[in-house]
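Q: Protein sequences appear in the order of chains A and B.
When you line the first sequence up against this note's numbering, it's residues 1 to 432, in that order.
When you line the second sequence up against this note's numbering, it's residues 433 to 679, in that order.
Honestly, the hints are just simulated from the structure, not real lab data.
It should be emphasised that the depicted structure is a prediction, and the values quoted were computed from it without experimental measurement.
Even for Gly, the Cβ is constructed at its ideal location relative to N, Cα and C.
Fair warning: there could be bad hints in the mix.
Listed next, the in silico BS3-like pairs over lysine-lysine satisfying Cα-Cα at most 25 Å (straight line) [said to hold, decoys possible]:
| no. | chain 1 | residue 1 | chain 2 | residue 2 |
| --- | --- | --- | --- | --- |
| 1 | A | Lys394 | B | Lys662 |
| 2 | A | Lys380 | B | Lys446 |
| 3 | B | Lys437 | B | Lys671 |
| 4 | B | Lys532 | B | Lys554 |
| 5 | A | Lys396 | B | Lys532 |
| 6 | B | Lys544 | A | Lys394 |
| 7 | A | Lys343 | A | Lys394 |
Not everything, but these chain B residues come out facing chain A in the computed CB check (under 8 Å) [to be verified]:
| no. | residue |
| --- | --- |
| 8 | Gln497 |
| 9 | Glu501 |
| 10 | Ala504 |
| 11 | Asp505 |
| 12 | Ala508 |
| 13 | Val520 |
| 14 | Ile522 |
| 15 | Pro523 |
| 16 | Val525 |
| 17 | Lys532 |
| 18 | Thr537 |
| 19 | Thr538 |
Okay, here's what each chain looks like letter by letter:
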Amino acid sequence: MSNSIDFNNHASLDFDELSQVNRLEWLSSIQNDALGAFKSMPLPTRKVEHWKYNDMSFLKAQTFKLNTNTYEDLAVSSSQIALPNSIEITFINGVLISDLTTRSLQPGIAITSFDSVSTEQQQFIIEQTEIDSKNALDNLNLALCNNGILIEITKNIRIESPVFIRHITLDNGAAEVTTNRVLVKQQPGSEFTLVELFDSQIEEDSTLTLQQSLFSIDANATCNHYRLNLESERAIQSSKVESRLAQSATLNCFFLGLGSRLNRTDINVKHQGNGSHAELTGIYLPANEQAIDYHSNIEHQVAHCTSNEIFRGIIADEASATFNGKIHIFEDAQKSDAFLNNKNLLLTNRAEINTKPELEIYADDVKCAHGATVAQLDEKSVYYLQTRGIDRQKAKKMLSIAFIQELLNKVKLEELNDFLTSLLDEYMSHLD
Amino acid sequence: MLSIKNLHANVEDKNILKGLNLEVKPGEVHAIMGPNGSGKSTFGYVLSGREGYEVTEGEVKFDGQNILEMEADERAREGLFLAFQYPVEIPGVSNMEFLKASIDTTREYQGKEPYDAVTFMKLAREKCQQVNLDQNFLKRGVNEGFSGGEKKRNEIMQMIMLEPKLCILDETDSGLDIDALQVVADGVNACRDDNRAFIVVTHYQRLLDYIVPDYVHVLSDGKIVKSGGKELALELEEKGYSWIDKL
Ligand SMILES: Nc1ncnc2c1ncn2[C@@H]1O[C@H](COP(=O)(O)OP(=O)(O)OP(=O)(O)O)[C@@H](O)[C@H]1O
Ligand SMILES: [Mg+2]
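Construct the complete structure from the given sequences, taking the supplied hints into account.
A: So, in structure tokens, the structure goes:
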């Protein structure tokens, strides 16, 4: 028995060799399938198209321990963000540490951990779980993850309090893989807000966070999702956020990427019911030698759906960013309206951006617009501000904030908006 | 206040200013006229400290200090103001935020009392009114979508707020309708006092009817080739620049 994963030998990975905690019987068939898929796929390297822009060499450079710590007696530090009236849930290195059974929640919302879901809920989770044909690490997460929660919102109910999930990572004595899943099931006509904060507090070890958040949004329901990665320089993440929208459902989501050695997030949106709408907004701000990669894939599977996606990045120092935005319009998806825009600001000559909008359109009566730009700070604007007494550093900061302000305005939760405004103000003050 | 001796400057290795001399004393208004491409805007950029405008020879003293060593923002805080021929649009930075940052840092540097938020707002609104700009302009992005004339009035509004010692106005009159010209001239005249000096770059003698200069200079091919009183502007209007060339 060992509890580590050697990516040099990934094809021979075997559950019997791993000392896992809490293996769940009802999940095992799916986990076996996912493991099989993981083993049969090539490991992520630059040679694999899906990982072309990511330096994944760290995978083979060390063995990764599988987290078995259950953090039972750990006192968790309070959050950087105060969200009053939120329903707070904390995971540490993937493990749920909040006691969900003793919470009294407003009627209409239920939050259940994987180890206490009913047969019916198990069935739902199994149905929602799909092997990923491109993302080997997502399959590894499916194979290994026993730490998950299911959030259910009842029909026609609007949940006032946002659910606030803190994904914290702590040093654990060695390089580690953490796994985690969050599933959301919204019944027709419901509305709710989820804030996910990735708060890595690791200073010595490198932690590979594998995470998946899955949203099933039924007819006329609205989901507001904020996903904030405020990461330490050692954090590595490979995660997937997938939303399936039924008829006239609405998804509003906001992503922020700050920090990380590597943060790779795959965002999949699937329009599966007529008239659904998805609004995706994202900001990525890598600095130093950090790398941030958002891969989005919006599938218009049926007719009359709309999507509006705007991502902007400011890349400082020697950092790199990737934005890959795909719009896929299926043959039957007539009258689709899809808009995608990506703008990038490079603050230095060493900063790197790979931006690639991709269109795959099989219907003829659609509206589709996409574009990407890469620019440097406008020297003339910096000079103009300087002639009014504002020093160079401050001028650059004002222009950088201006570049993302419009996107920040889409954060409707007031406390979150205030927090992000001061966070980014502070962050920009340190750029040069 | 401003003493320029034998100023030579290059832009992208092209020599534009070729030995310019000028003395400006407090309270004076100097007009600079000259053909297109003679180096008038370049002169303003060099004085204000724009990057890429390289001084190769000569000296510029502002209140006794060598300003050529200073960054543009420091020169501005020292009290040098350039109203742009083509003001820059900065979407995403509101006029108000911009003005506040500018005024705060300048007043702090100059050891003046900071304005509290209420006084600042009141003042900004008042000055907007003075140059005939609607208050809504304060909320818009800096010069974003402003008409040509609105941009020029915005420059004057900034000038009034910043209370500089030396104001360089680069063709602030071009593109202005007759009423706006009056507004701008009134704004400038209201600022005129014994301690403040102006360098007014213009192509039209008409502006000088409103802002009466003490001196008029003709800049040609990077040098001041003729100086005189306000009648020189009239003479130029009548005879054109070719008259100077023949002298
Ligand atoms: N970046 C540059 N590279 C090369 N030449 C330049 C550059 N900037 C300005 N020049 C040249 O310098 C000369 C002076 O330009 P400047 O703008 O100072 O003229 P001006 O007197 O202000 O003209 P106008 O009356 O048309 O405003 C012009 O010949 C111009 O083409
Ligand atoms: Mg000019």
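Q: Hint by hint, note whether the structure agrees.
A: Here is what the structure says about each hint:
no. : hint                : in the structure
1   : A:Lys394 / B:Lys662 : violated (42 Å)
2   : A:Lys380 / B:Lys446 : holds (19 Å)
3   : B:Lys437 / B:Lys671 : violated (29 Å)
4   : B:Lys532 / B:Lys554 : holds (12 Å)
5   : A:Lys396 / B:Lys532 : holds (16 Å)
6   : B:Lys544 / A:Lys394 : holds (20 Å)
7   : A:Lys343 / A:Lys394 : holds (22 Å)
8   : Gln497              : violated (16 Å)
9   : Glu501              : violated (15 Å)
10  : Ala504              : holds (4 Å)
11  : Asp505              : holds (4 Å)
12  : Ala508              : holds (4 Å)
13  : Val520              : holds (4 Å)
14  : Ile522              : holds (5 Å)
15  : Pro523              : holds (7 Å)
16  : Val525              : holds (5 Å)
17  : Lys532              : violated (10 Å)
18  : Thr537              : holds (5 Å)
19  : Thr538              : holds (4 Å)
Hints 1, 3, 8, 9, 17 from the earlier list are contradicted by this structure; the remaining hints agree with it.
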